[in-house]
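> First to last, the sequence lines map onto chains A and B. One rule links them: number in the working numbering = place in the first sequence (from 1) + 359. One rule links them: number in the working numbering = place in the second sequence (from 1) + 97.
Derived by calculation from the structure, the hints in this document are not laboratory data. A portion of the hints provided could be inaccurate.
[Said to hold, decoys possible] A few chain B residues that face chain A, going by a derived Cβ cut-off under 8 Å, partial list only:
id, residue
1, F112
2, A126
3, A169
[Unchecked claim] Per the computed footprint, the stretches of chain B lying under chain A, defined by three or more beta-carbons under 8 Å from a beta-carbon of chain A, are:
id, stretch
4, 100-111
5, 117-123
6, 140-146
7, 172-182
8, 187-194
We put the CB at the ideal spot given by N, CA and C, even for glycine.
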Amino acid sequence: MTDAEAHAQNAGLAHQFEDLEQQQETDALGIWVFLVTEIMFFGGLFASYAIYRWLYFAAFQGGSHILDIRLGAANTIVLLASSLTMALSVRSAQAGNRRALALFLVATMILGGIFLGVKAVEYNQKFVEHVVPSLDWAPEGQTLARLAPGGLEHAQIYFFFYFAMTGLHALHMIIGEGLLLWLVVRARKGNFNPHYFAPVEVVGLYWHFVDIVWIFLFPLLYLIGGRY
Amino acid sequence: MSQPIVPQKTYLLVFLGLVGLTILTTGVAFIDLGPFNTVAALAIAFTKMLLVILFFMGVRHSGGLVRIILVAGFFWLTLLIAFTTADYRTRSWTPAPDSWSTTAPPTHP
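Between the sequences and the hints, there should be enough to build the whole structure, so can you do that?
Below you can see the structure in the form of structure tokens.
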């Protein structure tokens with residue numbers, strides 16, 4: 360098949376590629392390189408987290424025990440479920456099942472939305488307890504009693520990390536929700552078929568990456584030093 | 098992609114495994130293991146990450162180029178964390194000489 364024929368056959372094939380397979384390999388490689396830069400991006404935060412947690416362990420433990428472990432664990436499962444529906448979306452695209460593709464993409468969006476909703480409830484709780492560093496830092500009562508042993512200044516550092524890491528994660532989720540919406544629109548237009556579904560796969564890889572970040576954030580932020 | 102279509106059951110089983118590990122890591126946090134609480138939490142998180150990468154992200158069926166890029170990413174992340182941690186943890190081993198003290202006024206000949 361000549362180049363012109365290959366392009367005439369599939370509207371999804373961009374002009375710089377020989378065929379769909381080359382295009383798909385290039386797309387996949389591109390998103391993997393991007394994800395490596397994301398690993399380094401979050402890696403800086405994880406590395407500084409490791410240092411400060413080692414320096415002020417008692418304060419981090421105190422801060423960690425203020426978080427609601429049930430909400431954290433439940434949200435982890437919600438996000439894992441969204442990864443499952445995302446994987447099933449890619450599978451449906453592969454199999455050429457357009458209806459299932461749209462359904463699973465919407466399911467992924469809903470689960471991501473639930474995650475962000477729970478996150479908003481948790482953020483609100485931080486304002487109620489006055490443990491928002493700089494903006495609203497005035498813990499009192501039981502909260503104060505839990506934070507005091509590690510030193511209030513250092514507990515504030517823990518909450519800086521909490522908001523920076525979960526905030527950056529939530530921002531990635533919001534971007535992911537936008538990408539999913541774009542995929543739903545394109546899927547409904549019938550843009551994808553078993554030969555061309557690279558956008559679904561690429562967004563899927565991004566979504567799973569964001570899931571992996573949370574897989575580490577949950578134990579590192581919620582489970583410091585145990586709850587016994 | 099030229100990747101094979103994985104049965105739905107495989108994805109479901111992986112998901113159930115991930116949920117099981119989430120419950121396990123939450124449960125272990127309520128048992129006093131001393132420093133091993135952190136080790137257990139990280140080991141479980143690492144296992145979950147492997148499940149997601151290999152099955153959901155399909156690296157099981159990916160080519161060598163994707164694998165090399167992924168391994169390179171984690172290699173640099175390891176360097177970042179290992180050297181930063183090593184620096185902070187060993188700084189106090191060799192204190193700076195008194196003459197380097199920042200509190201002493203600078204002497205001009």
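> Next step is simple, just say for each hint if it's right about the structure.
Cross-check of the supplied hints:
no.: 1; hint: F112; in the structure: 4 Å, holds
no.: 2; hint: A126; in the structure: 4 Å, holds
no.: 3; hint: A169; in the structure: 7 Å, holds
no.: 4; hint: 100-111; in the structure: holds (count 7)
no.: 5; hint: 117-123; in the structure: holds (count 4)
no.: 6; hint: 140-146; in the structure: holds (count 4)
no.: 7; hint: 172-182; in the structure: holds (count 6)
no.: 8; hint: 187-194; in the structure: violated (count 0)
Taken one by one, the earlier hints fail for this structure only at number 8.
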